[in-house]
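Take these sequences, add in the hints, and give me the full structure.
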Amino acid sequence: MAMMAMCMPILPGKKAMWLQMMEQVKQDPNFAGSREAAGVHERSFLQETPHGDFVILTFEGDDPVAGFGQIMANMPPEFAAFAKEVHGLDASAPPPPMPTLVFDSRA
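In terms of our numbering, the sequence shown opens at residue 1 and continues consecutively.
Don't read these hints as lab results, they were simulated from the structure.
Source: prediction; values computed, not measured.
Among the hints, a few may not be true.
[Claimed, not checked] For lysine to aspartate or glutamate, the following EDC-like pairs were computed, each having C-alpha atoms within a straight-line distance of at most 20 Å:
#, residue 1, residue 2
1, 14, 104
2, 26, 78
3, 14, 53
4, 84, 36
5, 14, 85
6, 14, 78
7, 15, 48
8, 15, 62
9, 26, 60
This is the structure in structure tokens:
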């Protein structure tokens, strides 16, 4: 099983909104179902730093990059608006560059 991780900023003043959305998606079977349909297991971590707050996302599956692309392509409009407001991510634009693995302790 492959894995990828990425980091997205939480824009200033938007952490409470992000936390509220995370509580909502935990209760929404459609959210988890969309990840299952994309063939990935997603985890979200909150990283608080002196330079701002970030979300660290991990995607595990046979092809997590393709799964992330499917999630982006099928994002509901209300979640796309949330991603734009909280992360500055435009779901209608080409996806951001995928992260580059630079170290793997098991490789």
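ask   = For which of the previously enumerated hints does the structure constitute a violation, in increasing order of number?
value = 1, 4 and 8
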